[in-house]
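**Q** Please work from the sequences and hints to get the whole structure.
Each protein sequence line maps, in turn, to chains P and Z.
Taking our numbering, I'd label the letters of the first sequence as residues 1 to 351.
Taking our numbering, I'd label the letters of the second sequence as residues 1 to 621.
Bear in mind the hints are in silico, worked out from the structure with no lab data behind them.
Bear in mind the structure is a predicted one, so any value in this text is a computation, not a measurement.
All C-beta atoms in this analysis are idealised placements derived from N, C-alpha and C, irrespective of residue type, glycine included.
Among the clues, some could well be false.
Each computed BS3-like pair below joins lysine-lysine, with the alpha-carbon atoms no more than 25 Å apart [said to hold, decoys possible]:
id : chain 1 : residue 1 : chain 2 : residue 2
1  : P       : Lys29     : Z       : Lys453
2  : P       : Lys59     : Z       : Lys180
3  : Z       : Lys417    : P       : Lys59
Where chain Z lies over chain P, by a calculated footprint (3+ residues, C-beta under 8 Å) [said to hold, decoys possible]:
id : segment
4  : 58-64
5  : 74-86
6  : 92-103
7  : 332-340
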Amino acid sequence: MTYITKPKFHHPGLQTNALGFTRRDYEGKVSTLCAGCGHDSISAAIIQSCFELDVEPHKLAKLSGIGCSSKTPDYFVGAAHGFNTVHGRMPSVLTGANLANRGLIYLGVSGDGDSASIGLGQFAHAVRRGVDMAYIVENNGVYGLTKGQFSATADQGSKSKKGVINHDSPIDLVGLALQLGATYVARSFSGDKEQLVPLIKGAIRHKGAAIIDCLSPCVAFNNHAGSTKSFDYVREHNEAVNRMDVIPARSPITARYEPGTVTDVTQHDGSVLRLRKIHADYDPNDRAGAMAFLHARQAAGEIVTGLLYVDPQADDLHGYLGTVQRPLNGLTDRELTPGAAALDGINASLR
Amino acid sequence: MSLESPEGLERGGGLTAVNDFVVKFANVNGSGSASANGMFAKSILRMGVPLAARNIFPSNIQGLPTWYEVRISEAGHLGRRGGVDLMVAMNPQTWDKDVAEIEPGGYLFYDSTKPLPPSKFRDDVTTIGVPLTAITNQAYSDPRQRQLFKNIIYVGALGELLGIEMAVFETLIGEQFATKAKLIPANVAALHMGRDYVREYLKPLGLQVRRADKVGNRIFVEGNNAAALGAVYGGATVCAWYPITPSTSVAEGFTDWCQKFRTDPDGNARYAIVQAEDEIASIGMVVGAGWNGARAFTCTSGPGISLMQEFIGLSYFAEIPAVIFDVQRGGPSTGMPTRTQQSDILLAAYASHGDTKHVLLFPEDPRECFEFGALAFDLADRLQTTIFVMLDLDIGMNDWLCEPFAWDDAKVLDRGKIMTHDELEAGRDFGRYLDVDGDGIPYRTLPGVHPSKGGYFTRGTSRDRYARYSEEGAVYVDNMERLLRKFDTAKSLVPAPITHAAKKKTGFGVLYFGSTSPAMNEALEALEARGLHVDAMRLRGFPFAGEVFDFIAQHELVFVVEQNRDAQLRTLLMNEGGVDPAKMVKVLNYDGAPITARFIVGQITALMDSPHIASSNQLAK
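**A** Put into structure tokens, the structure is as follows:
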């Protein structure tokens, strides 16, 4: 499918955000994915999140790997620069881009083949480094573009459309992210926009590596009986630990839930993650507890969703490297080149 | 054996030479010999005598043999000569091989503490025994001190045997321990122990270092360190790398230089260095940073380039600046990790799948490593593609005597064609892959430039001039042809070749590049001295400028001298210039040791005498 121009039509009554942009200003080109694809719902959630957070469209950098999911950055926030990199290597490209200019928001979009199979190493190391990014894995357990092979997140015993049973153990990216030190870890479902939008907003506002594993059924190759990543299966087994709202620092905090069911988590930038707990005993600031909870529920056949862990005061790679606040790509010649006099000194020391 | 019964100067007549001989140190890796050997080399430079020093070392941390070869040459011949006049045999493991390597009439310096059977020596080699272990054991009780000072003691002894001024060593020790002054007396004392033993029991050798004035203001530095400094001057801010011999010291050097020159008063860094998880991630980070407008590089060797292929293709096709320092080593596969070769030429020139071509720079010494190291970033931004700086282990990991680094403060870094916010705001047409100027180089925008204009989607898939996805054949071909035009533009931007004309008009030419330079310079002199005239051209960059093919056309026969098995440069010349293979004769050294003038002269003279060339031999005379 080739490029399609989307008519730019604004209804005069469209709601605008604080920057004067409408939701349509955050849209991109028309999706070329299959009708009903979960990934398009995630794109819509990203659009909604950026609109609600008043993100300047051009201050977003969208990076992806290769695959169905990785095509999607063309379908949202069209004014932003996007980079469809190579298969499984988006994390390193995003890391380099982030090093070059710390002043932008970095959104990584990937799939389960891209992040859990070919790109598992890069996924792990970008998380370890604490790259400041919102990293969304659009997880459907299947290779769509090559027509239905299992990916590494496919559950053991899951059946492919062709009837093949998967015998390999699945890779759980949420469990991995927790173990590798991600400072914001969430799982959601493309069919649950109410849960997903706040999680994306929280990830964007988070400083450090924010990972969202978003189950996103493949309508073409993984939505049949026997699949554990189908719409029906995920709806039946979804076990949300919490529901979240993101309240930017400048907004007054008004709505109050019943005491004992709400936790407010203030992030480094002052924004508040308001968690309405469904599991009353769930503590999203306890990494070890989150891992134990996740494993226990997984063993019980449940897919745990929600904000599973957050370290609201986390630092990022720039903090660890001690880089200057100004973007490295904006430094002047004078700030970069030591000059001839310094070189004379170097020459003298080499004789 | 006791200190009082030295075994010295017992055999042989002994070579005589002043400021023109080769000393080789045979040591054990990890024994602390490197700094002592380095001091020995530097003392000769301070005497005003040029030298070339080369480490020959194993892929090992401790225990295996390592050598340090010093060629002293007042005439300024800085290639490896071949052969050894004085062997400093400090490693029993390699004794037999080391002794066998000495030129007839040469000298063998060894630790004579334990007597060795006569069969271990050669009749045509003068033996100089100094009981180093006995001396150190008498002077020191701490095993570590014994080890370290033994090295200084042999330097003192050698200095006295070769006529090197002790004051020069003392100055060097003072400089080396400037910040740890209390170590100076102990080191000087050890130096004197060696000197005093020689004064008492031995006599100077036939090989002598005599003060001269042939070093001038030249500097003595490793190519990797020079390349790293070039990256600093070239404005690199992002370095992503993965450790691999022999390139690791590029990243380490960059770190050191940045800490010195790129640290704000508040301690913040105007650079970012990431040791990546592998070479793929390294180049991925470089591509990401380059896409986002920072000058970024990685440093690696052949195995790393193999791993980076996919990203190099992306950089070529999506047109993203990147710089790769490839410090070449012996391949293929793991090959000879600690030996030198020029065997990544084709790998780099045509890296990645599909039709690609990449810009290569070939520095001949550390001075050019610095110059090209800085230039590479301008070229990467100007051409929006990957630029390879092709070092090798010989240049990269050895200190070379070379002209000092130079920098013009009036120079402005060339950031290439970047469309600004104001240009976009003014309504300038932006097509990411639009050839506005006819040089094949499009304009790019950087992420975050403008709220509504200039944004585009970068991808490795085919697209039209406005960066819109397209699989139309004509659109694809249009883009591929523009990439060729861009590559054509690169011809005038890479450093031009340098020609050295023979004293007489000749039908013979020779092409060479990179670390072959010092050996070639010496070989040309030697050939000229034999009345064999050969015009020479040193290639400094790829794509090849037209004058390279003119040079080939102007000669009946051209020798192509390279340090690989398959004559990769020759293949590249054939492929890019349609040169008749019969016109280009291979001269190939690829055993892992740096090429020598002896080898080049031997090969070229033998080839000239060979039946198929002999008919045109008179061309050279």
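**Q** A separate judgement is required for each hint: does it hold in the structure or not?
**A** Status of each hint after checking the structure:
At roughly 15 Å between alpha-carbon atoms, lysine 29 (chain P) and lysine 453 (chain Z) fall within 25 Å of each other, so this suggested pair holds. Between the alpha carbons of lysine 59 (chain P) and lysine 180 (chain Z) the distance comes to roughly 51 Å, so the proposed pair goes past 25 Å and is violated. Of the pairs offered as hints, the one joining lysine 417 (chain Z) and lysine 59 (chain P) holds, with about 21 Å between alpha carbons and a cut-off of 25 Å not exceeded. Only residues whose C-beta sits within less than 8 Å of a C-beta in chain Z count toward coverage, and the segment 58-64 of chain P has 4 of them, enough to reach three; the restraint holds.
Counting residues of the segment 74-86 of chain P whose CB lies closer than 8 Å to any CB of chain Z gives 10, which reaches the minimum of 3, so the coverage claim holds. Residues of the segment 92-103 of chain P lying with their CB closer than 8 Å to a CB of chain Z number 11, which satisfies the three-residue condition for coverage. Counting residues of the segment 332-340 of chain P whose C-beta sits closer than 8 Å to any C-beta of chain Z gives 7, which meets the bar of three, so the coverage hint holds.
Hint check: a violation occurs at hint 2 only; the rest are consistent with the structure.
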